[in-house]
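S.K.: Numbering-wise, the sequence shown is residues 1 to 343 according to the working numbering.
Be a bit skeptical, because a hint or two may be false.
What the hints assert, rightly or not - The list that follows gives simulated cross-link-like pairs (lysine-lysine, DSS-like), each with its CA atoms no further than 25 angstroms apart:
| # | residue 1 | residue 2 |
| --- | --- | --- |
| 1 | Lys299 | Lys132 |
| 2 | Lys299 | Lys335 |
| 3 | Lys335 | Lys17 |
| 4 | Lys306 | Lys103 |
| 5 | Lys306 | Lys25 |
| 6 | Lys52 | Lys25 |
| 7 | Lys52 | Lys169 |
| 8 | Lys306 | Lys335 |
Derived by calculation from the structure, the hints in this document are not laboratory data.
Bear in mind the structure is a predicted one, so any value in this text is a computation, not a measurement.
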Amino acid sequence: MQELTDYTQRLMRLSEKVREDFWAKADRSSTQRWRESTEFYRNHVWEEMIGKLPEPALPLNVRTRRVIAEPHCAGYEVVIDVLPEVVAGGVLLLPTDLRAGEKRPLIICQHGLEGVAGDVSTRSGEAYGYYKAFADELVRRGFIVYAPQNPYRGGDRFRLIQRQANPLKLSLFSFIIRQHERTLIWLQSLPSVDASRIAFYGLSYGGKTAMRVPPILRDRYAACICSADFNDWVRKMASVDDAYSYVFTPEYEMPEWNLGHVASYAELASLFTPRPFMIERGHDDGVAPDEWVAAEFAKVRRHYGKLGLGDRVAADFFDGPHTIHGEATFDFLHKHLDWPAKR
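Kindly produce the complete structure, drawing on both the sequences and the hints.
M.R.: Structure (structure tokens):
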């Protein structure tokens, strides 16, 4: 047993060199060459690491109903067909001062593990402690907001989907990517949404979504923020020496096929280039130590800097726990979505 453990830990330690060799043909001579040369890697991550479902052929068949009526916003519950027996759902928040014919930027606000779409906007209960009503804060700033309902809810019920999907060369994110893709098709068709200014902002498992959906659907997003999740993902997955590792936690659905030899979080973030990318991290967040996060993010900062895009990458390390901070990230969204902070 010790020999097997030592062998896997050596694979983990050497995986960075394997990834460097795998990505050797990615061309950083210019932004255009990077985009062109990394299309292979984007497809490889989608098809081999995450698993790619067939492109949906069903009509969207969008159903909505009004569920929120506040002085500053109206909210609509949304259901969209994706595949047979698979739907996408969420809540759309529209500012009440939205004028006819006006187009505004939209923020996708993604909840975390065992959450629901309403958690990101509520100002009460346990959810507020994590999310700080960041979706509601953003709609008060004039952004249109959409809060998707992701399927990582129900304990082992969603983990069984992952286990059943894996032998089919699929994963939970195979479904999530198609759900978000269909949702974006509808959102971009709305007359009040500027399709060129859509950003993603997710916390925790929503941060995991930020590291997988926008890099794969990279032409549909203008900016991306990963909160309370960015990490040395290979070490987080496989280390037997660190209590932070998923080896010692109940989330047995986390492994992804050959991830250590294909893409950790720095490589996934690089696929989003040249779009603006940011992380948000509390010093007391128990998902990992600051040193892991900072070291992995340094690779992303170097990558953007080498392409002359240093002003498009940012990090907010703040004194706090596993939560939305909502200060530097809000400034980041205002800047890169070209929306004034004060109206």
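S.K.: Does Lys52 pair with Lys25 here, judged by a C-alpha cut-off of 25 angstroms?
M.R.: holds, 23 angstroms
S.K.: Regarding the pair Lys306 and Lys335, is the alpha-carbon distance no greater than 25 angstroms?
M.R.: holds, 22 angstroms
S.K.: For Lys299 and Lys335, compute the direct alpha-carbon distance and say whether it is at most 25 angstroms.
M.R.: Measuring from Cα to Cα gives roughly 23 angstroms; hence the hint holds.
S.K.: Within a Cα-Cα threshold of 25 angstroms, do Lys299 and Lys132 meet the stated pairing?
M.R.: violated, 29 angstroms
S.K.: Going straight from one Cα to the other, do Lys335 and Lys17 come out at no more than 25 angstroms?
M.R.: violated, 36 angstroms
S.K.: Given the proposed pairing of Lys306 with Lys25, does the C-alpha separation stay at or below 25 angstroms?
M.R.: holds, 16 angstroms
S.K.: Within a Cα-Cα threshold of 25 angstroms, do Lys52 and Lys169 meet the stated pairing?
M.R.: holds, 8 angstroms
S.K.: Take a quick look at whether Lys306 and Lys103 sit within 25 angstroms of each other, Cα to Cα.
M.R.: violated, 34 angstroms
Consistency with the previously given hints fails for numbers 1, 3, 4, ordered from lowest to highest.
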